[in-house]
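Given the sequences, and given the hints that come with them, work out the whole structure.
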Amino acid sequence: MPSSVLRMVTLAHALKQVLIVRGLETGLGDEGGFAPNRQSNAESFDLLVEAIERAGYEPGKQIAICFDAAASEFFDEEKGVYNFDGAQASTKDMTNFYESLLSKYPIASIEDPLDENAWDDFKSLTAAIGDKVQIMGDDIFVTNPKFITRAIAEHTANSTLIKLNQIGTVTETMDAIRLADRNGLTTMVSHRSGETPDSTISDLAVATNAMQLKSGAPARGERVAKYNQLLRIEEQLGDSVEYAGMKAFPQFAARVR
Numbered sequence: 001m002p003s004s005v006l007r008m009v010t011l012a013h014a015l016k017q018v019l020i021v022r023g024l025e026t027g028l029g030d031e032g033g034f035a036p037n038r039q040s041n042a043e044s045f046d047l048l049v050e051a052i053e054r055a056g057y058e059p060g061k062q063i064a065i066c067f068d069a070a071a072s073e074f075f076d077e078e079k080g081v082y083n084f085d086g087a088q089a090s091t092k093d094m095t096n097f098y099e100s101l102l103s104k105y106p107i108a109s110i111e112d113p114l115d116e117n118a119w120d121d122f123k124s125l126t127a128a129i130g131d132k133v134q135i136m137g138d139d140i141f142v143t144n145p146k147f148i149t150r151a152i153a154e155h156t157a158n159s160t161l162i163k164l165n166q167i168g169t170v171t172e173t174m175d176a177i178r179l180a181d182r183n184g185l186t187t188m189v190s191h192r193s194g195e196t197p198d199s200t201i202s203d204l205a206v207a208t209n210a211m212q213l214k215s216g217a218p219a220r221g222e223r224v225a226k227y228n229q230l231l232r233i234e235e236q237l238g239d240s241v242e243y244a245g246m247k248a249f250p251q252f253a254a255r256v257r
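Taking our numbering, the leading residue of the sequence shown gets 1, the next gets one more, and so forth.
Hints were generated in silico from the structure; no laboratory data involved. Keep in mind that a hint or two might mislead.
As the list claims (entries may be wrong) - Think about it this way: if two alpha-carbon atoms lie no more than 20 Å apart in a straight line, the pair counts; the simulated EDC-like pairs of lysine to aspartate or glutamate are: (1) K163 - D203; (2) K132 - E99; (3) K163 - D121; (4) K163 - D120; (5) K61 - E50; (6) K123 - E154; (7) K104 - D85; (8) K16 - E53; (9) K61 - D131; (10) K92 - E78; (11) K132 - D121; (12) K132 - E154; (13) K123 - D68; (14) K163 - D175; (15) K104 - E53; (16) K16 - E43; (17) K104 - D46; (18) K61 - E78; (19) K123 - D85; (20) K104 - E154; (21) K79 - E53; (22) K132 - D68; (23) K79 - E116; (24) K123 - D93; (25) K247 - D181; (26) K92 - D68; (27) K104 - D121; (28) K104 - D181; (29) K163 - D68; (30) K163 - D30; (31) K132 - D93; (32) K146 - E116; (33) K146 - D203.
Here is the structure:
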């Protein structure tokens with residue numbers, strides 16, 4: 001695990017250098033990540049791959065890409081289209097875009113690829129590419145066991161984000177994780193945009209064997225706190241624990257094997 005944290009820190013610095021060379025902004029967003037203006041969404045992945053290689057790692061082998069599309073943010077409910085890359089895109093267009101990304105970039109997980117109310121479209125996307133990549137629901141499931149139960153019955157996605165203070169109680173959070181685990185959905189324990197230095201989610205991720213943690217770029221204290229806690233947990237547990245690595249993303253691991 002120390003090597004994985006080191007990779008993240010090294011990658012963040014390498015990405016900053018890539019942006020500087022290209023004359024792009026290096027200001028940080030809410031979650032500690034860079035937020036430069038780009039010509040297209042696909043350019044973001046080119047920048048990430050370049051940064052991975054600049055940091056001395058092999059894309060898809062040592063570092064893979066997980067991203068949150070947050071599609072509800074650019075979905076036009078009245079017109080039923082996505083305002084995407086300067087044009088209006090249908091669900092089919094978005095599906096084709098995601099499929100094209102998988103053929104070009106080492107992508108392991110896509111969070112909220114479609115609108116939060118598009119249950120049928122989520123199901124179709126999962127059927128189309130869910131064997132190749134983790135299709136994760138956040139806004140659509142909101143860590144609610146009731147919605148996760150529906151997702152399991154309808155094969156809506158193959159993964160769910162877990163936010164303790166989204167559902168509101170530890171009991172409901174644990175119920176959501178256990179429900180997902182029993183039914184073959186992967187889980188990623190997550191931070192929130194308005195974070196504090198509290199590192200409870202690191203303990204939660206390890207205790208539930210979630211194998212995935214989303215806590216932002218290692219650039220601010222409230223984000224770094226989570227990674228530091230993971231290092232402390234590993235030091236305490238020693239050889240009794242194992243870092244999952246790419247095994248945490250079974251669809252991606254099968255694709256690149």
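Now the hints, each set against the structure:
Taking the CA atoms of K163 and D203, the gap is near 13 Å; set against the 20 Å cutoff, the hint holds. Annotation: proposed proximity of K132 to E99 holds, straight-line Cα distance about 9 Å (limit 20 Å). Under the criterion of a C-alpha separation no larger than 20 Å, the hint pairing K163 with D121 is inconsistent with the structure, at around 23 Å. Restraint check for K163 and D120: the C-alpha separation of about 24 Å exceeds 20 Å, so the hint is violated.
With a C-alpha separation of about 14 Å, the suggested pairing of K61 with E50 holds against the 20 Å cut-off. Of the supplied pair hints, the one linking K123 and E154 holds, its CA atoms being roughly 7 Å apart against a limit of 20 Å. A hinted pair counts as satisfied when its Cα atoms are at most 20 Å apart, and K104 with D85 qualifies at roughly 18 Å. Distance check on the hinted pair: K16 and E53 sit about 13 Å apart at the alpha-carbon level, within 20 Å; holds.
For the proposed pair K61 and D131, the alpha carbon gap of about 19 Å is at most 20 Å, so the pair holds. Note on K92 and E78: the hinted pairing holds, with a Cα-Cα distance of about 18 Å set against a maximum of 20 Å. Note on K132 and D121: the hinted pairing holds, with a Cα-Cα distance of about 17 Å set against a maximum of 20 Å. Proximity of K132 to E154 is assessed by CA-CA distance (about 19 Å); at most 20 Å being required, the pair is judged to hold.
For a cut-off of 20 Å, the pair hint linking K123 to D68 stands: about 18 Å separates their Cα positions. The hinted pair formed by K163 and D175 meets the criterion: a straight-line CA distance of about 12 Å does not exceed 20 Å. For the suggested pair K104 and E53, the alpha carbons sit about 15 Å apart, so the restraint of at most 20 Å is met. Restraint check for K16 and E43: the C-alpha separation of about 15 Å stays at or below 20 Å, so the hint holds.
For the proposed pair K104 and D46, the alpha carbon gap of about 9 Å is at most 20 Å, so the pair holds. At most 20 Å may separate the alpha-carbon atoms for a hinted pair to count; K61 and E78 exceed this at roughly 42 Å. Taking the CA atoms of K123 and D85, the gap is near 24 Å; set against the 20 Å cutoff, the hint is violated. At most 20 Å may separate the alpha-carbon atoms for a hinted pair to count; K104 and E154 exceed this at roughly 30 Å.
With a C-alpha separation of about 41 Å, the suggested pair K79 and E53 falls outside the 20 Å cut-off, and the hint is violated. A C-alpha spacing of about 17 Å is found between K132 and D68, which places the hinted pair at or below 20 Å, so the restraint holds. Using a Cα cut-off of 20 Å, the hinted pair K79 and E116 holds, with the two alpha carbons roughly 16 Å apart. Between K123 and D93 the alpha-carbon distance is near 16 Å, which keeps this suggested pair within the 20 Å criterion.
Using a Cα cut-off of 20 Å, the hinted pair K247 and D181 holds, with the two alpha carbons roughly 15 Å apart. The straight-line distance between the Cα atoms of K92 and D68 is roughly 19 Å, inside the 20 Å bound, and the hint therefore holds. Note on K104 and D121: the hinted pairing is violated, with a Cα-Cα distance of about 23 Å set against a maximum of 20 Å. Proximity of K104 to D181 is assessed by CA-CA distance (about 30 Å); at most 20 Å being required, the pair is judged violated.
A hinted pair counts as satisfied when its Cα atoms are at most 20 Å apart, and K163 with D68 qualifies at roughly 14 Å. For the given pair, K163 sits about 17 Å from D30 by alpha-carbon distance, which is consistent with the 20 Å threshold. Taken as a hint, the K132 and D93 pair is honoured in the structure, with Cα atoms around 18 Å apart against an allowance of 20 Å. With a CA separation close to 15 Å, the supplied pair K146 and E116 stays within the 20 Å bound.
For the given pair, K146 sits about 25 Å from D203 by alpha-carbon distance, which is inconsistent with the 20 Å threshold.
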